[in-house]
Each structure stands twice: as structure tokens, then as C-alpha cells.
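A.B. asks: Sequence:
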Amino acid sequence: EDERWPQIRFVSVFNNGHTRENVLLFSENSTDGYDQGQDGFHPMDATAETYFTFKTDLGIDERKLVIETVPFEIDKHIPVAFKLSQQTKIDLRAIEIVKLPNIKVYLYDLLNNRYQEIKEESDNAEVIPASILLPAGTYEDRFFITFKEFKPSNDDDVPVISQKNNNSPLKNVEFFQNNPVKQLEVSNPDSYEIKALNIFDMGGKLVYSANNVGNSSKLSFPTGNLSDAVYLVRLTTTDDQTIVYKINVVNK
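Under the working numbering, think of the first position of the sequence shown as 741, with each following residue one higher.
The hints are simulated quantities; they were obtained by calculation from the structure and are not laboratory data. Warning: the hint list may mix true and false statements.
Claimed, not checked - In silico lysine-lysine, DSSO-like type, Cα no more than 27 Å apart, as pairs:
{"#": "1", "residue 1": "Lys935", "residue 2": "Lys888"}
{"#": "2", "residue 1": "Lys816", "residue 2": "Lys795"}
{"#": "3", "residue 1": "Lys804", "residue 2": "Lys823"}
{"#": "4", "residue 1": "Lys911", "residue 2": "Lys859"}
{"#": "5", "residue 1": "Lys816", "residue 2": "Lys844"}
{"#": "6", "residue 1": "Lys839", "residue 2": "Lys829"}
{"#": "7", "residue 1": "Lys844", "residue 2": "Lys829"}
{"#": "8", "residue 1": "Lys859", "residue 2": "Lys844"}
{"#": "9", "residue 1": "Lys888", "residue 2": "Lys911"}
{"#": "10", "residue 1": "Lys844", "residue 2": "Lys958"}
{"#": "11", "residue 1": "Lys992", "residue 2": "Lys958"}
{"#": "12", "residue 1": "Lys911", "residue 2": "Lys935"}
{"#": "13", "residue 1": "Lys823", "residue 2": "Lys958"}
{"#": "14", "residue 1": "Lys859", "residue 2": "Lys935"}
{"#": "15", "residue 1": "Lys888", "residue 2": "Lys823"}
{"#": "16", "residue 1": "Lys911", "residue 2": "Lys922"}
{"#": "17", "residue 1": "Lys992", "residue 2": "Lys922"}
{"#": "18", "residue 1": "Lys922", "residue 2": "Lys945"}
{"#": "19", "residue 1": "Lys958", "residue 2": "Lys986"}
{"#": "20", "residue 1": "Lys823", "residue 2": "Lys844"}
As the list claims (entries may be wrong) - Each pair of labels, with its calculated beta carbon distance range:
{"#": "21", "residue 1": "Asp979", "residue 2": "Lys795", "range": "40 to 46 Å"}
{"#": "22", "residue 1": "Glu768", "residue 2": "Ser825", "range": "35 to 41 Å"}
{"#": "23", "residue 1": "Pro962", "residue 2": "Thr759", "range": "32 to 38 Å"}
{"#": "24", "residue 1": "Asp979", "residue 2": "Asp815", "range": "44 to 50 Å"}
{"#": "25", "residue 1": "Glu768", "residue 2": "Thr978", "range": "19 to 25 Å"}
{"#": "26", "residue 1": "Ser956", "residue 2": "Lys816", "range": "46 to 52 Å"}
{"#": "27", "residue 1": "Ile814", "residue 2": "Glu861", "range": "42 to 48 Å"}
{"#": "28", "residue 1": "Gly964", "residue 2": "Glu768", "range": "17 to 23 Å"}
{"#": "29", "residue 1": "Glu768", "residue 2": "Asn955", "range": "44 to 50 Å"}
{"#": "30", "residue 1": "Val970", "residue 2": "Ser825", "range": "28 to 34 Å"}
{"#": "31", "residue 1": "Glu741", "residue 2": "Gly780", "range": "23 to 29 Å"}
Cβ atoms here follow ideal geometry from the backbone N, Cα and C, with glycine treated the same way.
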């Protein structure tokens, strides 16, 4: 009898050469944070790496994982990250899927709102990998392992993702999810005229909308009636500049 925990063993192939294996384990006795004795730290010793990240109350922990154990949930989005020293093509496959019958595994790209199925390797047929081409850089909080392909019933509700960066015209706009007072706070020091702020769940469903917000330097939006979950916030100015930010709502 196979006594192994339910798990998915991944392999990333970088530019058809160097590889990295990662293991995602599932246990009801684990957490989404760091679990001593269940998670394994990553050596991060190559020019291209795939790793798991985890968060603490202070944000993403600097430590990286090559083995991560989490509770299994069919709607879960598990962050997977890449660190690349040069432009790299990454092919991602599942070497083995253990004790997860009939499960489908996807690589979700938050930036492009795109899902690619990660298929299990087979001796009987060639498996097409989930494949991405990325410039040099560190990619955390963009890619996720999921077990469902979330497709909104209304295509108009799908958020157009454009991540904020230091070169963005809206680089000074800052977001803060203030869970103790159950509101999203937005700092708008350059007084951009905000046409709309929309909040979507990770399935693309619109759960909150505010229009003609104005140009105040400090803005706040209620989140107390939202379920505990991760959401996407899309802010659009009157001249159609758009940024998207991810928030974690906890109303306990």
C-alpha cells in the first residue's frame, strides 16, 4: 500500500536544459504558512529557479520553499514563483500526481488572466507542458497553482490585469487592506481623477463597484461584507490608466 501523502511532484525545465523539481504535499494538519517538518527550504543555487512562497503577518516571507505542505481545497490558489537571471522559457509538467484522483492542475497567470493545464507525464504519450517565456527577473505573486479553471459567466467581468511597477504613471498610488476596520484604503497623492474602483473575486466575479470616485488624496472603500478571501482590485482613472492590486480580506 502506498503510504505517501497526497502530492504533486513538478518539474520545471528552463530553456530546454537545467531542471528543478518541486513537491506540493497536502495534509489537513498543515497550514498555508511555514510548517516545520513538513516544508523544505529551497537552496536557490541556480541561475533559474522555481519555488513556493508563503506569507506571514508582515507579508511574503523571504525564505523560499522547494517542498510545501498545505491543506487541500479545490478552490485554492497556491503561489508559485520564478527567479531568472536571463530571458527564459519555462516548461512545467507534473512528474507524478499521488492520491488525487481525477484532479486537474493548472498554472494560472494573474497578469494575463490565463490558465494552462499542467499534465502528468506519461510513458504512453507525449505531454504538452504548461509553457511560459519570461524576461530576467523575480516573479512572485503573479503565478499560482490551481485546481479549477475559473471562467466567469459574463466575459465583461473579467479584470484586465496590468501590474503596478515603478515605471507606471500611477506608481505613487498605494493600496492597503485595513482588516481591523474592514476597509480598503487607497493613497492617491497625485490627485488622479478616479473613474472607477472595482473588486473581483478570483473567479472574475464583480463583488464591489464604486464609480466617479473623485480625486481625493485618501480614499476608503468598505470590505466588511466580503467573505474572507483573496480579491483583485481594479482602479481606473478618467484618462483610462488602470492598475490592479491583490488584497487579502479577513473579517474574523
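A.B. asks: With reference to the structure, classify each hint as holding or not holding.
C.D. replies: Consistency of the hints with the structure:
1. Annotation: proposed proximity of Lys935 to Lys888 is violated, straight-line Cα distance about 32 Å (limit 27 Å).
2. A hinted pair counts as satisfied when its Cα atoms are at most 27 Å apart, and Lys816 with Lys795 qualifies at roughly 15 Å.
3. For the given pair, Lys804 sits about 11 Å from Lys823 by alpha-carbon distance, which is consistent with the 27 Å threshold.
4. Note on Lys911 and Lys859: the hinted pairing is violated, with a Cα-Cα distance of about 38 Å set against a maximum of 27 Å.
5. As the CA atoms of Lys816 and Lys844 are separated by approximately 13 Å, the hinted pair is consistent with the 27 Å bound.
6. Of the pairs offered as hints, the one joining Lys839 and Lys829 is violated, with about 30 Å between alpha carbons and a cut-off of 27 Å exceeded.
7. At roughly 23 Å between alpha-carbon atoms, Lys844 and Lys829 fall within 27 Å of each other, so this suggested pair holds.
8. About 8 Å separates the Cα atoms of Lys859 and Lys844, which keeps this hinted pair within 27 Å; it holds.
9. Between Lys888 and Lys911, the direct Cα distance comes to roughly 33 Å. Violation of the 27 Å bound is thereby established for this hinted pair.
10. At most 27 Å may separate the alpha-carbon atoms for a hinted pair to count; Lys844 and Lys958 exceed this at roughly 43 Å.
11. Our distance criterion of 27 Å between C-alpha atoms is met by Lys992 and Lys958, whose separation comes to about 25 Å.
12. With a C-alpha separation of about 17 Å, the suggested pair Lys911 and Lys935 falls inside the 27 Å cut-off, and the hint holds.
13. The straight-line distance between the Cα atoms of Lys823 and Lys958 is roughly 35 Å, outside the 27 Å bound, and the hint therefore fails.
14. Between Lys859 and Lys935, the direct Cα distance comes to roughly 42 Å. Violation of the 27 Å bound is thereby established for this hinted pair.
15. The hinted pair formed by Lys888 and Lys823 meets the criterion: a straight-line CA distance of about 25 Å does not exceed 27 Å.
16. A C-alpha spacing of about 25 Å is found between Lys911 and Lys922, which places the hinted pair at or below 27 Å, so the restraint holds.
17. The suggested pairing of Lys992 with Lys922 holds, with an alpha-carbon distance near 10 Å, which does not exceed 27 Å.
18. Restraint check: the Cα-Cα separation between Lys922 and Lys945 comes to about 20 Å, which is no more than 27 Å; the hinted pair holds.
19. Under the criterion of a C-alpha separation no larger than 27 Å, the hint pairing Lys958 with Lys986 is consistent with the structure, at around 19 Å.
20. Taken as a hint, the Lys823 and Lys844 pair is honoured in the structure, with Cα atoms around 26 Å apart against an allowance of 27 Å.
21. Range check, Asp979 to Lys795: about 34 Å between beta-carbon atoms, so the 40 to 46 Å window is missed.
22. Our hint of 35 to 41 Å for Glu768 and Ser825 holds, since their Cβ atoms are close to 38 Å apart.
23. The supplied range of 32 to 38 Å is broken by Pro962 and Thr759, whose beta-carbon atoms lie about 47 Å from each other.
24. Remark: the range hint 44 to 50 Å for Asp979 to Asp815 is contradicted by a beta-carbon distance near 36 Å.
25. The given range of 19 to 25 Å is broken by Glu768 and Thr978, whose C-beta atoms sit roughly 49 Å from each other.
26. A hinted range of 46 to 52 Å is violated for the C-beta pair Ser956 and Lys816, which are about 36 Å apart.
27. Distance hint check: the CB atoms of Ile814 and Glu861 are about 23 Å apart, inconsistent with the given range 42 to 48 Å.
28. Restraint check, Gly964 to Glu768: a C-beta distance of roughly 30 Å breaks the suggested window 17 to 23 Å.
29. In this structure the hint that Glu768 and Asn955 lie 44 to 50 Å apart at CB holds, the actual value being about 49 Å.
30. Taking 28 to 34 Å as the suggested C-beta distance range, the pair Val970 and Ser825 conforms, at roughly 30 Å.
31. Roughly 25 Å separates the CB atoms of Glu741 and Gly780, a value that falls within the hinted 23 to 29 Å.
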